[in-house]
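K.L.:
Residue numbers (this note's numbering), protein chains in the order written: chain B, 1 to 497; chain U, 498 to 976; chain S, 977 to 1502.
Quick caveat, the hints were computed from the structure, so don't treat them as lab data. Cβ coordinates follow ideal geometry from the N, Cα and C atoms, glycine included. It is possible that part of the hints are untrue.
To be verified - Covered stretches of chain B (in silico footprint by chain U; criterion: 3 or more residues with CB under 8 angstroms from a CB of chain U, positions within the stretch not fixed):
no. : segment
1   : 64 to 72
2   : 160 to 166
3   : 173 to 185
4   : 464 to 470
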Amino acid sequence: MSFNTWLPVLVLCSSLVPGLIIFMLPERATALRTTLNLGGAVLKIVLLVLMMIGVFHGVDYEFRVPLVPGLDFVLHADALSLMFVNLSAVLWLATTFYAIGYLENSPNRSRFFGYFSLCVTATVGLAMAGNLLTFLVFYEALTLTTYPLVVHRGTEVARKAGRTYLAYTLLGGVLLLTGTVWLYSLTGTLEFIDRGFVAQAGVDPAVLRMVFLLLILGVGVKAALLPLHAWLPQAMVAPAPVSALLHAVAVVKAGAFGVVRIIYDVFGIEFAASIGVTLPLAILAAATIIYASLRALFQDDLKRRLAFSTVSQVSYITLGVAIAGPIATIGGLVHLVHQGFMKITLFFCAGNYAETLGVHKVSEMAGIGRRMPWTTAAFTVAALGMIGLPPTVGFVSKWYLGLGALEVGQHWVVFVLAGSSLLNAAYFLPILRTAWFDAPPAEWPEERDYGGKETAWLLLLPPLATAAATLVWGLLASMPGTPLDWVQFIAARKYAP
Amino acid sequence: MSEWLAGAPWMMLAIMLPLSGALVAFLLPRHSALVGLGASLLTACAALVVMLQVAADGRQAYRLGGWPAPLGIELVADGLSVLMLAMTAVVGVAVSVYARVYLADSPDKVRRFWPLWLFLWAALNALFQAGDAFNLYVTLELMGLSAVALVALSGSGPALWGAMRYLLVSLLGSLSYLVGVALLYHAYGTLDLALLSERADGGLQLAVPLGAMIAGLLLKTGLFPFHVWLPPAHGSARAPVSALLSGLVVKASFYLLLRLWFTFTPEGQGVPLLLGSLGAAAIFWGSIQALRQKRLKLLVAYSTVAQLGYLFIAFPLAELEPALAWSGSVYLALSHAMAKGAMFLAAGSIMTQGGHDEIDELDRVVERMPLTLAAFALAGISLAGLPPSGGFVGKWMLLQAAMTQGSWFWALVIIVGGLLTATYVFRVLGFAFTKSPHEHERHDVPATMEWTALVLALGAVLLGFAAPWALPLLEGVLP
Amino acid sequence: MNLLIVLPLLPLAAAAWLAISPRFVPVAPVAGGWVVALCATFTIAVAALVAPDRLALPMVFVQGNAALVLDATARAALLLFGGLWLTAGLLLTRARDEGPGAVMVLIALSGANSLALAQGGSLVYAGMVAAGYGFYGVIASEQGNAWRRAARAFVVLLVISDLLVFELILSATVKPGVVMPEAGGMPASLLVIGLLALVLRGGIPPAHGWLPTLLAAVSPATAVLAVAPVAAALFGTMKLLPDGAPVLALGSLALALAGVAWSLLAGLCQGSARATLGYALAATAALLLLALPAGPGQAMQLAWLALGLLAAAASLPLVALQRAGWKRDLAVAAALLAHGLAGGYAAAHAASVLPAGISLLGLPVAVAATLLLTVAARRSRFLAPADRAAEAAYLAFAPVIFSLVGTGVAWTASWPGLSAAAAAPLGITAGLVAYRLLPASARMEPGDLLLAVERASAGALHGGRVLCVNGLGAARDRLEAGLLALWDGQRWSARVRWLDLRLRAWPATCLFMLTVALAAALLLLQ
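Bound-form chain B, shown alone (with noise of 0.2 angstroms):
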């Protein structure tokens, strides 16, 4: 067994091993449990840049065992696999830091980092699964490892938040087990292939459809996509590190990578298109869009209504991906990225302004940009970014999405995106405003007093580095080394050349 055979297992335990051991430290031990956080982010960063190199030069890296019969478990790094890990592990090193600086002096800390690290590992597992049945593993496993985080607080809001959490998703895992058995019955066979497996077993397209219907309402679940999308709302009792974790890298992206995955790995783009299943697809994506950007509008609270942008924003991953074209194949997959860097942004915010100045409502931030300015800067960019707008990163992944509909000719989603534009910045551009340029109250609800600083340093630049990210990424987007470059390498093989 080479290192090539193990390297996708040891990314896997850069997070779990971790994780395991701080389980057992008692909740004084604030010191090694950083180190050993931290250790864990860095070396699975440094890991996985080992393994890009490979990747770009051709090397195979592919772990696999027998786990039923006729199937294995198999972990294997190509690029889609890649860009997810990475956005998974860079994102997992921010909001670690986040949550250090967040959960200062609050109870049951190695708990929360235990499964936090945990949840990584599944999110990890997930990106590198090389079959459905490993994907499906890792899938349940994700929402095992996440249901604490969302119990954490341990108050009966929290748990009956974890109840319709944990409903809504072993549906999602019992709906894709069904399509997945089901499949594997059809075709034999359940590895991923560029443009997907199920064209050769020369099935009826029927019955594919069915197992379609199954496996996207399986994985639609965690991709919020309507009517499945209300467990997302509710989750957001947990806390904040865990909001922007759940809603920007792990479970809202592993569903959109889910379905990225049956699209192409499963059934192929191509053939999917052939048999009818993409533009049912993508019309319930643009549904979802709109409806969650109109129920975004009547959110008072701050994080119910970023939970209602990324349940419209997740499905714009969706609609790139059912257009079936290679331009807005890039849309899609870029967006998944990108999404993940603003919607961090703005959770980080969002925590920010709860923890320093207990401000919890749109209300109640009237002139929080004088009190908490580089907070605010941040959140600005991102807000920019969800609407759109050069020169952040979102003004790509629409550029690409726009165009790629236009090129297949399906003109409605462009006004989709439109619309959806006009609702982002009917419920952002407010935000904004009141925070810039109105009066601050004369005292914040609940205030902590930093020493003249703005806020704690560990709260402050996870987010502004992200902020930066979606700046200079939609600033140079041209350039290479940008996830677009990425992207593109990866769309170009879903494609019958």
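Position chains U and S against the provided structure of chain B, taking the given hints into account.
P.N.:
Coordinates of chains U and S only, in the frame set by chain B:
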């Protein structure tokens, strides 16, 4: 030395070691815990050696005293027996370690527990290795009697009532089984399973005894609607005893049923359909009852009722892909033993800690006993069939068999059952994380108790990865 | 380092310095105005002195065709923006409390500069967005609440217009090979979208309601800068439609005529000078819309004409700061003359693509625009205290000079014929006459239809909100409650308990056993 080790009658030892250990523990009451623990470890080793022998050389047979069939007693160990032996060994050792600490403060219970438990283990090992129908009956009876005594061990009112009921039901089931055995002997003149499988040819002379035996065994297994003795017995016994009952004892009668089925391989779809339907009903009924429960141990007991139903779903699915369906069922039995054992041990720890086991008053027990809750959660994951666990592998195989056959109904039953299981498991976990409005007492729980439960639960999860090694053992056994 | 890249970045750096440094080094508030003026001077210097240049930026945005280019159009735009911002900066140095924040003004300058220099679809779009939102920031950073109504209307129009421009550049990228000779390379539908975007963000009637309302409510510095969004809209559209849109000449003529008539009616019925100026600006924008289909012209004269027209309009708020005297009269006269000449030229330029008979209809548009500007000038009252008056006089000349430069360059670059000069005297005379007849009559609210539109949209939004939250939301909650009520947990639990008790009885067990045994036997027989 190694030839002596290889030549020793390990199959015999697997029965004699616990039997003699029970005797010694009875004769030396003050050292019964140590004797019991030692005997457990030795028996586990014996069982594992038998497994290694069968894995290397295939089906093993041993004649007691050299007398051949049909007069003598022949012990037979094939892949299925060996898996059951291993399951018993693992769960047995864990429960022994747990019980030594759990019962440490009640010496009168201690001196009764160990002989009975070792006796039960001997009966189980004998049952798994029995080669003819009458020996199966004898071991079944011995096992039942010791199980009843173990239930009555705690001495409380509900425990005695549950034990009494268990005894009567068990006797009824054994009676029915004995009637079947007698009719078989009358028809074919032998009770050796291998010979019976050659001579049996169907017709009324096979149908009636087989029907009686099936009914009796279903009663002893506790399949719906014969489950009514199970929750009182398992719910009111002491935690280690409940673990043994739910994990091992009910599996023994199921094993018996499988043996009979593989021996006679009846054709026709009627009985499989009947058994499958009863299984489906068990799943629903058990899960719904489990959701209603307010006490943790009763919830786990009803969960056993539900999980037993899964084992029987393999019957209607064995038509097209018998190997797949039966492997799935056996694997589910194995992982259920470990998972249910872990669950009962965890429930015992929780009860020791708080003095009660009301589910909605758990009051953030996860902070005081994280290992125990982890054990409970992992066990629940295996029961619900969520990956990665043994339960998932078993369920996958059953689902695959169902899909290949196109049986939508059974696939739906399996899936909905999994969802229901997850519901009641996570209900408990949700309360375990939440603060309760009332104050509760807090006792300390020894670390050994927490760790044994966790190890068993991890075993259930690791079974998910052990399928490529475990399943080939079943190759020669399944039809 | 290439000067072109410094132009957008310098104001941003200055803004960052102004925003951050007060925490470390006490900076006098007046310094902000001087910083603005400095940056604006740099802009003017670059525009006037640097040779034509192009800086390709292939890494920026998408498509790889982004570039910063200093050609004639860019020069005119930079001179306009530079002049406006110079004036605003100088006003800020004496503002004390009123006026916009210097940081926002600098950010807006950066946006305007990037728009002026931009080339390539996505970079032009970015420039237009930056300029538009920058100006919104300038308005919003004013003290008090008077600006809110107008700013809200402006930003709504801005957002819709941004979407239209986005659609325009998307579609233009997809269909590069389509050539329609009469449309100059772009299909007519796209041209319509482009002009519609211009109308919405450029204050052209009927989308002009915010302009008079805004001008009536803000400080002098912002009033001077209010010309910027109109200019940004026009220059942006010129860059996006490089060959003009001859096919739309008739349509834009009709729109311009209607717009200017409307502005005339409404503008004459105003009471304050600023409101009238707003309508004058709207009429000027309509005039520029008229001229746009003819394209920028061989010597880029449209850009210079825009400079002339808009700078003249921008000088009028400053007139009110001066004491009556020859300096004031000279400034006003020069501004009006420049505006009139530029307007006449614009009408003549528009006439080059109009059919022969109708082409003369361009002249009334120019005349009306100058008329309104004259009325606005006459309605200006002297408002500033004595000590500020002297300095303000020189300030008033600043935009006037730029306006004269613009008109002069356009006229000298390409002589349009003396008929184009007719608009100036006609307009000024008509304006003076109109002022005599209607000195000041506040018969109409500034913004005329704006109030009605606002009320209607507020009502629609409120109705929508009621429908969604109270109507649909309540319906959804009722449905959910109804579905949950179908499952009565307690009753089912009681039923299950009843059944369970029955099953536990001994007779039940024995009966089941018998049944199962017999059934099994029967089934095995088959």
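K.L.:
Can you give the numbers of the hints that this structure goes against, from lowest to highest?
P.N.:
4
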